[in-house]
Amino acid sequence: MSKTIKLKRGFDINLAGKPEKKISESSHSETYALKPTDFINMSRPKLLVKEGDTVKAGTAMLYDKMSEGVKYCSPVSGEVVEIKRGEKRKLLEIKILADKEVVFEKFKTFSTSDLANLSKEEALEQMQAGGVWPNIIQRPFGIVANAEDTPKAIFISAFDTNPLAPDVAFQLGDKEKFFQAGLDVLRKLTPGKVHLNINGQAEVPQVFAQANGVELNKFSGPHPAGNVGVQIHHLDPISKKDIVWTVAPYGVAQIGQLFLEGKYDASKLVAVTGSEVKNPGYVKTYSGVMLEKLFGSEVPTGHLRFIAGNPLTGENCGKAGYLGYYHNQVTVIPEGDYEEFLGWIKPSTKKLSFHKAIGLLSFLNRGKEYTVDTNTHGEDRPFVVSGEFEKVLPMDILPTYLFKAIISEDYDDMEALGIFELIEEDVALCEFIDPSKNEIQKILREGIEMIKNS
Amino acid sequence: MKPLQNLFDKLKPNFEKGGKWEKFYTLYEGHRTIAFAPDLTTGNKGTQIKDAVDLKRIMITVVIAMIPALLFGMWNVGHQHFISVGEDAVLLDKLLIGAIAVVPILIVSYSVGLLTEFTFCVIRNHPISEGYLVTGMLIALIMPPTIPLWQVALATIFAVVIGKEAFGGTGMNILNVALTARAFLYFAYPSNISGEVWTYFGDKQPVDAYSGATVLAYGATAVSNGTNMMADMSAHWYDGMYSFWNLFMGLIPGSIGETSTLMCLIGAVILIGTGVGSWKIIASVFGGAYFMGVVFNLVGSNSYMELPAEYHLVIGGLAFGAVFMATDPVSAAQTEVGKWIYGFLIGLLTVLIRVVNPAYPEGIMLAILFMNVFAPLIDYYVVDANKKRRLKRATV
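Read top to bottom, the protein sequences are chains A and B.
Per the working numbering: the first sequence ends with 454, consecutive numbering throughout.
Per the working numbering: the second sequence ends with 850, consecutive numbering throughout.
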């Protein structure tokens, strides 16, 4: 049965620089990169290419010794120019000097009717070889799925409620026609349901409304209503030993395209957002693009932070950094490394806050778009305030107790308090609103790693 | 503000590693962050933006919420003074006398407390935490205006060291720090914090008819001697002193900040409006006290039990405790369900202690401390219920 779920708790962070629905071409990026660090669980990466090799889009470049079948493929065609390593020879980036015209590696093609008879084995093989498998994320733990598992269900969130979020359907662009094929393939992978969760507060885009063979669930409410983890909690929560998979709509379409056209097409419409971007919109480019190439001739200047991803879960890459495998957005905001005289008590209508403590007046005008910089507005402190995290985590979970269990490395409590149901993005709002300025996403990941390795 | 920034910059090397005052870095940082919100930025991973709130702002919100109680308290100390010595006076005179009695207590509480706090921060190399902003004010407001200053100092040191630092500092304490100070005095120097201490005479003598008995004292007498409490209250030497309205307004002798229910309610409006204090706790303390008052009305075996339940809400320190003490997030219950239970039991115990145990006329202090100790237990069961819900789901 399809469900309609209304969430009340949460907070929409209303920032300046939302993307307009218009597409521009990126300036030609000479180099693209595949970053093994995007894949949290990759423990023993093995290279399949060396500097100087020529690759096509879809040529396998990398795999993890712990899961040999899954190939990580080049997003574009060209020459491998640099393999960048960090401390202890940790693999950081594989850079490719791109051809002007992208040439694709050929994979097996299927017609729509073939897909109906596709076997699970065949589907798994093609997906793992064809570069699209890392789109499939396993819960618990938020890691690339293991093809040998059988998930009890697959969840797709078809909308994004993060600050400055892109329009997910618009972002599918010309991949829209592959979305249904992707769903058909995914249905082979689980004996359970494929849930497609749509925004109950907006008009449903055709591509989602017409999807076949899925449970169409409606969610409404403030962020994090669009987070797939929150949706799973309300539809079919995860307990110990359960495994479910999640895929973003872009990944679904990419999977469909691999089967229908036989190619790994890493082209995507990246949302270019943030208060410092002159014309926030969408740019057509490829996964792994260098951030500064996304702005055409209008690269923002000044003392700025270039974030791959959104402001809550993204990564500070610098403008010469590269967009990650999962990123579909780049955000540019001012850096905040300045002191402010009596900044902790001065009343202000310009500072965005979830709270209403003396002088924080943003609650009077929630409709306003705020420009927020990277200042932390305070120092690290122990947990003091209670009952605030609960207001932005619409799940039956006691966040403070869970975080304290992680800090004290209490494995039993972590499990009992629901660590299986969360990944970083689900607690990002807790980190944002925390008056004690704890690094909650990092704390949660440490807890997840403890449980995963126990 | 550039000159001030430059001054800090100039001093900075002395406090950094290798500098001559290296050990006092935390003091340097503490002062700089009070003058200027720091220039810290978010990490490369994790949220790239942060909410504009911080603990300093939350704490200062609580301090601001206490200011009506403080100002009224100062005035009332003067007001009671002139009533007791039988003189007429104007607003300014009353405020002045109040200030003479109250400001030194406030100064001692803040300076001794901060000094103790700084000492621990330096020894432990902790950042200076803003919690004492609130505690310093609270300690002053719950003292009788006649308290010797050295006792304030001693109690403050005891509270900060034993009540807070012994547990690991801000955020780790079990008991409310300010109430620890008051409890210390109550048991160490009972003669200075009970009996005839609630009115400040200065260098004058009270009029002959004067009696310093409080409502709680009349109640205690009623229980032990079987007198009629309501009759005693209306027969108080100063006519109309203990009418319900006067009690609500707080025109009565008592601790500096806690006589006026009205001022506490103004504080409550600020705390609830800013979301800093838990309305659940405040409401349930009043609810618990009223409930217990009604239960005693039904039993009615002495005149204190027969005191109309609403009187319990305006006498003693109930309102002040409910609004400013019980809501301390560190020592209160931290789960939302827990907060209801915690508050209700505080109210209930306060009235129970008042009426049944006349040896401790003011019940709110002991009730809150008692429930501080039990708050983790309440939370334990609320958390346990959450765990069980999750476990139950797994087997279905």
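Be careful, since some hints might not be right.
One-sided excerpt, in silico: chain A residues whose CB lies under 7 Å from chain B [to be verified]:
| no. | residue |
| --- | --- |
| 1 | Gly-192 |
| 2 | Pro-311 |
| 3 | Gly-336 |
| 4 | Tyr-338 |
| 5 | Trp-344 |
| 6 | Pro-347 |
| 7 | Thr-349 |
| 8 | Ser-353 |
Quick list of in silico lysine-lysine cross-link-like pairs, DSSO-like style, CA-CA up to 30 Å [claimed, not checked]:
| no. | chain 1 | residue 1 | chain 2 | residue 2 |
| --- | --- | --- | --- | --- |
| 9 | A | Lys-356 | A | Lys-106 |
| 10 | A | Lys-88 | B | Lys-846 |
| 11 | B | Lys-474 | A | Lys-391 |
| 12 | B | Lys-474 | A | Lys-218 |
| 13 | A | Lys-356 | A | Lys-8 |
| 14 | B | Lys-841 | A | Lys-404 |
Don't read these hints as lab results, they were simulated from the structure.
Heads up, the beta-carbon is just placed ideally off N, CA and C, and yes, glycines get one too.
We went through each hint and held it up to the structure:
1. Gly-192: With a closest approach of 15 Å, the Gly-192/A hint is violated.
2. Pro-311: Hint on Pro-311/A: holds, closest Cβ of chain B at ~5 Å, below 7 Å.
3. Gly-336: Constraint on Gly-336/A satisfied, holds at 5 Å.
4. Tyr-338: 5 Å, holds
5. Trp-344: 4 Å, holds
6. Pro-347: Given a least distance of 10 Å, the restraint on Pro-347/A is violated.
7. Thr-349: Thr-349/A check fails; min Cβ-Cβ to chain B is 11 Å, beyond 7 Å.
8. Ser-353: Constraint on Ser-353/A satisfied, holds at 4 Å.
9. Lys-356/A x Lys-106/A: 57 Å, violated
10. Lys-88/A x Lys-846/B: Roughly 45 Å between the alpha carbons, so the hint for Lys-88/A and Lys-846/B is violated.
11. Lys-474/B x Lys-391/A: The hint is violated at about 47 Å.
12. Lys-474/B x Lys-218/A: 64 Å, violated
13. Lys-356/A x Lys-8/A: Distance of about 18 Å is within 30 Å: holds.
14. Lys-841/B x Lys-404/A: With a Cα-Cα distance of about 15 Å, the restraint between Lys-841/B and Lys-404/A holds, given a limit of 30 Å.
In summary, the numbered hints that this structure violates are 1, 6, 7, 9, 10, 11, 12.
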